[in-house]
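First to last, the sequence lines map onto chains G and E. Heads up: the first sequence is residues 1 to 610, going by the working numbering. Heads up: the second sequence is residues 1 to 773, going by the working numbering.
Watch out, some of these pointers could steer you wrong.
[As the list claims (entries may be wrong)] Subject to a maximum C-alpha distance of 27 angstroms in a straight line, what follows is the list of computed DSS-like cross-link-like pairs (lysine-lysine): (1) G/K395 with E/K81; (2) E/K714 with G/K555; (3) G/K548 with E/K85; (4) G/K395 with E/K85; (5) E/K460 with G/K557; (6) G/K593 with E/K460; (7) G/K268 with E/K460; (8) E/K749 with G/K257; (9) G/K489 with E/K460; (10) E/K726 with G/K268; (11) G/K427 with G/K489; (12) E/K751 with G/K257; (13) E/K730 with G/K257; (14) E/K85 with G/K268; (15) E/K749 with G/K268; (16) G/K486 with E/K460.
[Stated by the list, open to error] Heads up, incomplete: computed chain G residues facing chain E, CB under 10 angstroms, no partners named: (17) K97; (18) H248; (19) G259; (20) S261; (21) L263; (22) I298; (23) T300; (24) Y318; (25) G323; (26) W324; (27) F328; (28) G331; (29) S333; (30) G403; (31) A467; (32) E603.
It should be emphasised that the hints constitute simulated quantities derived from the structure, not laboratory data. For each residue, glycine too, the CB sits at the ideal point set by N, CA and C.
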Amino acid sequence: MAASSLCLIGCVALWILAGTALAEDLVVAKLDRRVDLTSQVARTLVSFKIENSGSDPATKFLFALSKDQFDHLAFISAASVSVKGKSRTQSAPLTVKEVEKKEDPSSDAVYFEISLEKSLEQGQAATIDVQYALTHTLTPFPREIRQSETQLVLYHDSAYVLSPYLVKFQTTFFKLPGSRVESYTKVEPTKLGDKEIKYGPYENVSPLSQAPVTLQFENNRPFAVVETLEQEIEISHWGNVYVTENYHLKHTGARLKGGFSRLDYQAKGNGVSAFRYLAAILPPRAHSIYYRDEIGNISTSHVRNEPKRTIVEFEPRYPLFGGWQVKFTLGYSVPLQDFVFLAPDGSRYLNFTFGSPLVDVVVEKITTKVVLPEGSRDPSVEAPLALDEQHQEVKHSYLDTVGRKVVVLTKKNVVAEHNVPFQVKYKFNPLAMLAEPLMLIFGFFCFFLACMAYLHFDFPISKSSAAYQARLQQEEVLDLLQRFQKLMKRRLFEAEKLEAALRDLARTGDVAPCKASKKLVDPTLSKEVKAIHEALQATSRSSSVNSKVEALITKEKEKHERLLQKLNLTVDLYERKMSSKEIDSRLVPHEQKYTHLKSEVAELMDSLDD
Amino acid sequence: MEDRSAADAAVMERGKKIGSTGVGGGALVSGSGKRAFGTVLAALILCLIGIMAFSIRLFSVIKYESVIHEFDPYFNYRVTKYLTKAGIYEFWNWFDDRTWYPLGRVIGGTVYPGLTITAGTMWWILNAFNIPLSVETVCVFTAPIFSSFAAWATYLLTSEVKGRGAGLTAAALLAMVPSYISRSVAGSYDNEAVAIFALIFTFYLYVKTLNTGSLFYATLNALAYFYMVCSWGGYTFIINLIPMHVLLCIVTGRYSSRLYIAYAPLVILGTLLAALVPVVGFNAVMTSEHFASFLVFVIIHVAALAHYIKRVLSPKQYSTAVSFVITFGMAGAAALIAILAAMVAASPTKGWSGRSLSLLDPTYASKYIPIIASVSEHQPPTWPSYFMDINVLAFLVPAGIIACFLPLSDSSSFVVLYLVTSVYFSGVMVRLMLVLAPAACVLSGIALSEAFAVLTRSIKYQDLSESAAVDSTATLNSTNENEASVKEVKDKAPKRGKKKTVEKEVEKKRKRLLGLPMEASAVGILLLIIMGSFYVVHCVWAAAEAYSAPSIVLTSQTPDGGLHVFDDFREAYAWLNHNTGEDDKVASWWDYGYQTTAMANRTVIVDNNTWNNTHIATVGTAMSSPERQAWEIFQSLDVKYVFVIFGGLVGYPSDDINKFLWMVRIGGGVFPHIREPDYLRDGHYRIDSQATPTMLNCLMYKLSYYRFAEADGKGYDRVRRTEIGKKYFKLNYFEEVFTTQHWMVRIYKLKPPRNLVSAVKSKKRTQKKKTTR
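So that you can see chain G by itself, here it is in the shape it has in the complex:
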């Protein structure tokens, strides 16, 4: 009933159209339609063989879709086909343009104007392929199923291809995912094959006539729909392009009724319409791939590197049943030189594939943000597809000062056919890369400078404060101590020389050099020591320091005297020409005392160092 009324409307529309729009008398000689219903997307390939039966040369061809289908249309393209014998090759893509036909508001057809490769003279024929993809046309029915049930879907279409031209001969094949077909409308001749339903051939179908058909069949392919995809492509001229993709994925098939039993799912394999595995095809040499969600890494993923592509196979945290959702993030990096190129005019451009790398998904809304490096100018986009929206933003990232320019592209209803390269052109000065490192260097430089300044300046609030005085005093004490230590070292040096002279004496028995060495002793030293000691006593209130210094001075003095004494005694003894044994025995007490003193002095010096 409905079919016939539609037919009627179609016929009315035809008459209106025939009078106005169809000046050219094109006729579709042969039409072959193949509808692929094996996935969640209905992909149709219509092959027209058109003939110009009128007198004027035709340059355009009109392709029609019903309003219902147009609402689900994701993608359409056309190509002219050259037929040589049995081989068909699609030679050139043709432009497809949506045109409005205001003349017939009653019609539910939407027209696309396809400009032909070359105008069609009278009697000439041409072959055109039109491809289009519809999303969300396969509706699950029943809408809710149990875990153990399989998923059935409905598909509505027409047995006749909607065309504003007379179609002399047409056939339609519906390719199905499985052999189970629950029901289908019969428009004779109709033939149900294995995984295929054939409608036609029909002959001489009048323009715009329709014969609605409804197919109900089993389709357990994943109905994975990405509700929103936010993709961020960040270019770093240090050598990487970072891609981050945030997915909100939903299973839009028949909703799960009742509970989910893990037992039935694992042991009995129930839940055929649910899906567990997803795959993404990334560019070759993609690295640093991560797969996570807001609560952490998801460990179920594998990466396979192939020469032409990188395949990531991953599972969501849980199997997705009808109506279930999941959110996750997929991120990866690709080498800069594979995607960013220098244009002849000196500007740079990014060449990247649009759409989602996920296999077999429909993206309802994609937002692609291309983050250009800081300091780039004049971005412009070249995309071979119709974008819904395009604007620019500014993003602040690592240590940015002015921010990075972001080109935002938005498109709804994206399928695999949209995965074509697009370009973002921008101007960039490589020196801008150095801005951030230089900033860091300068920052640290300033920090160290400030530290140095702090250590070298005085910042007391009052010059008379106790702490300040104490610090001054401490510095003075340290200074004095240093001078003191220097003096002591000189003294020790002298002592060593004297000792050396003594040893020489013991060896050679020659008294003269030993006598001479006595003159080496600097008498002023002790005076200096005394002066420093007094100064120390005046400044330092630290008794431990003073006592140490005092002890050292006295011990040193004693030692020095002892040494001189010993020297004199030795010289004396030698001059008296005593036997060496006797000399030795005479010297022993001196020697002992001296050694003892020497070690004590050394110890004191050490303790002073601390």
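Model the placement of chain E on the given structure of chain G, informed by the hints.
Frame of chain G, contents of chain E only:
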């Protein structure tokens, strides 16, 4: 090093320390070149210690992932997220309606905000510099960063007590002490992460004030104490330990103005500041935990007065005054104490909070508060856990105590007191091992440094006495039995007659230097190094293997050497988050409350805060009741989903069935119809065919084992190592909606009431039939 620190202590003791550069008195007396070199070297070592403290805690990130760990950290993370999103004022006023449904929880007023505000500030600073790190990343790395700070604070504290060498050793020890690592690995975003730093730093400032008598440090000390109060409930340890030390000083006659400056401002300023923290508020003056500080505050004033009077009066007058004051003072004090005791006794818990009471009386919790006793970290530790957590430090600590008595100063007595008290507390609660760890590190640092100093010095001065021996040409000979040193070998010309005196001299000097024979020193150093390496190896092992598991992800080795990941918890939380209604209420045992709110973003009935025992008891009762009663309880709480943790399939031992007796106990504590003996067969907890019918019919059993027997055909529980008692049963009031891959989390939905009408009716009908028959 030792001479210096001894000199240091001496200088400090006499209160004549020059300047306040913090380098220590000993450094004053050295050449400035050497001093600068030492400072730079120390700074470099500290820097390396900081890096080590940070990096040893990254095993969890490398082995697992950068994720928040366990339970409480998830709550802190959620609060931090809120703070960064809504701002500080919103945070103070935050009423959280997604937890403790239907009561809710005032987060701003019941949480120690230190950690959250610290991480929030770090995040804010980073973002101000346009470094877009996520809040999660900042939270994950807060603990490692603060453990570096804690190591530096330990350096400061120890070098204030015993010099720079001990400081560096102690810092290195603390940087890798396993006890502290267990609480501060990357991802362990808990209060203790910053609190230990605050604790050590407060102690450092106290000791610094005590050594310098500077009011500047006293003020800083109060601020550090404030930060500690903000961070952790363990601040009561500080406010009891410091008064104890002050009291000790007064009693042992070490009262000085420095002590007064170190203590009095801390009490006044610290109490005022502490009262500013909402979660503490008036508790800062009203609870018994703070009582000691005020009492000692009074005592120190009395002592100060006594000192003043002693100075003013002549000795004779003074003694009469003392006897006068003592007689009247005793009477007054007795009256005061009586009043106080009466007031304290009037309150039921004697003015102490439950946790503090269980510290003072270790048996208190198990007697009265099962909810405190049920937490594993509130159990007393075992001996192996001491070895596990502080390792060789346990043996070094006594040596450190001895070193602290040579000589005893105000600061070293403080460290000893800190150690003694924390040893007691760690013995009560395994969690407080964390407080012991810094004390053990400080004392072990002192011990190690002293030991090294003695040994290296004996080697160093060996040369000296040796050269003395050579020069004198009349030194010790081979007959000297006492001496077993190199000297003998080099002995050239023995002169028997004279050697005795020399020997004595050298001996005397030896004694003063605490010298040891060369070989003994070398062996000692070698042993110390071996011990140190053992400690390092143990710490790295503990960090890598024992303490880095985030506990929300479990892994096991597969036979072929791979790693099998059990990520069931997050699977369940992700499922709840994405596939249930935004406002649905989810019931589970309280352990999982924080994770559910943070990861699944769903409203929970009870969580790890455990502030309302009755509410937890209600959930416990529901879990221990038969299906229908449980359904009614949950229905009355507006619960839509219930989940249980079940480890029976894969052998995960800390599941709900193993925790079940606590649910019974806590539930029974409030609702007397739940009785623990009903769930035990002859005092044994079992779930096999010998289990009691009450056990086999309770909700927890049913939700855990629903259709479990069908999985392997026998129903063999791999945790309890037994076949379950009741294998095939139906659920009438609950419906399984999700079970994770390894069955570790099982989520059930309450069946809606209208579907139940028929079930109830049919049940009634059958009952009627039965009765009519």
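Now the hints, each set against the structure:
For the proposed pair G/K395 and E/K81, the alpha carbon gap of about 22 angstroms is at most 27 angstroms, so the pair holds. Note on E/K714 and G/K555: the hinted pairing is violated, with a Cα-Cα distance of about 93 angstroms set against a maximum of 27 angstroms. For the proposed pair G/K548 and E/K85, the alpha carbon gap of about 63 angstroms is over 27 angstroms, so the pair is violated. Taken as a hint, the G/K395 and E/K85 pair is honoured in the structure, with Cα atoms around 19 angstroms apart against an allowance of 27 angstroms.
For the hint pairing E/K460 with G/K557, the CA-to-CA distance comes to about 25 angstroms; that is within 27 angstroms, so the pair holds. Taking the CA atoms of G/K593 and E/K460, the gap is about 22 angstroms. The hint holds against a cut of 27 angstroms. Between the alpha carbons of G/K268 and E/K460 the distance comes to roughly 79 angstroms, so the proposed pair goes past 27 angstroms and is violated. Annotation: proposed proximity of E/K749 to G/K257 holds, straight-line Cα distance about 13 angstroms (limit 27 angstroms).
This hinted pair checks out: G/K489 and E/K460 have alpha carbons roughly 20 angstroms apart, not beyond 27 angstroms. Of the supplied pair hints, the one linking E/K726 and G/K268 holds, its CA atoms being roughly 23 angstroms apart against a limit of 27 angstroms. Between G/K427 and G/K489, the direct Cα distance comes to roughly 70 angstroms. Violation of the 27 angstroms bound is thereby established for this hinted pair. Restraint check for E/K751 and G/K257: satisfied, since their Cα atoms lie roughly 13 angstroms apart, inside the 27 angstroms limit.
Simply put, E/K730 and G/K257 have alpha-carbon atoms about 19 angstroms apart, close enough for the 27 angstroms limit, and the pair holds. Only pairs whose Cα atoms come within 27 angstroms are accepted, and E/K85 paired with G/K268 is rejected, the gap being roughly 47 angstroms. Between the alpha carbons of E/K749 and G/K268 the distance comes to roughly 23 angstroms, so the proposed pair stays at or under 27 angstroms and holds. Among the hinted pairs, G/K486 with E/K460 is consistent with the structure: their alpha-carbon atoms are about 23 angstroms apart, no more than 27 angstroms.
The closest approach between the C-beta of G/K97 and any C-beta of chain E is roughly 41 angstroms, which is over the 10 angstroms cut-off, so the hint fails. At a threshold of 10 angstroms, the smallest CB-CB gap from G/H248 to chain E is about 9 angstroms, leaving the interface hint in force. A hinted interface residue such as G/G259 counts as satisfied when its beta carbon comes closer than 10 angstroms to some beta carbon of chain E; here the least separation is about 5 angstroms, so the hint holds. Given the 10 angstroms rule on beta carbons, the hint for G/S261 holds: about 6 angstroms separates it from the nearest Cβ of chain E.
At its closest, the beta carbon of G/L263 sits 5 angstroms from a beta carbon of chain E; the interface hint therefore holds under the 10 angstroms criterion. For the restraint placing G/I298 at the interface with chain E, the shortest Cβ-Cβ distance is roughly 7 angstroms, inside the 10 angstroms limit, so the hint holds. For G/T300, the suggested interface contact is upheld, since its CB lies about 8 angstroms from the closest CB of chain E, less than 10 angstroms. About 5 angstroms separates the beta-carbon of G/Y318 from the nearest beta-carbon of chain E, less than 10 angstroms, and the hint is met.
Checking G/G323 against chain E: minimum C-beta separation of about 8 angstroms stays under 10 angstroms; hint holds. Interface hint status for G/W324: upheld, as the beta-carbon distance to the closest one in chain E is roughly 5 angstroms, under 10 angstroms. The beta carbon of G/F328 comes within 9 angstroms of a beta carbon in chain E, closer than 10 angstroms, and the hint placing it at the interface holds. The restraint placing G/G331 at the interface with chain E is violated, with a minimum CB-CB distance near 13 angstroms, outside the 10 angstroms limit.
For G/S333, the interface hint is violated, the least distance from its beta-carbon to any beta-carbon of chain E being 17 angstroms, above 10 angstroms. This hint holds: G/G403 has a C-beta 8 angstroms from the nearest C-beta of chain E, less than the 10 angstroms allowed. Restraint check, G/A467 versus chain E: the minimum CB separation of about 6 angstroms is within 10 angstroms; hint holds. Here the hint on G/E603 is kept, as its CB sits about 7 angstroms from the closest CB of chain E, short of 10 angstroms.
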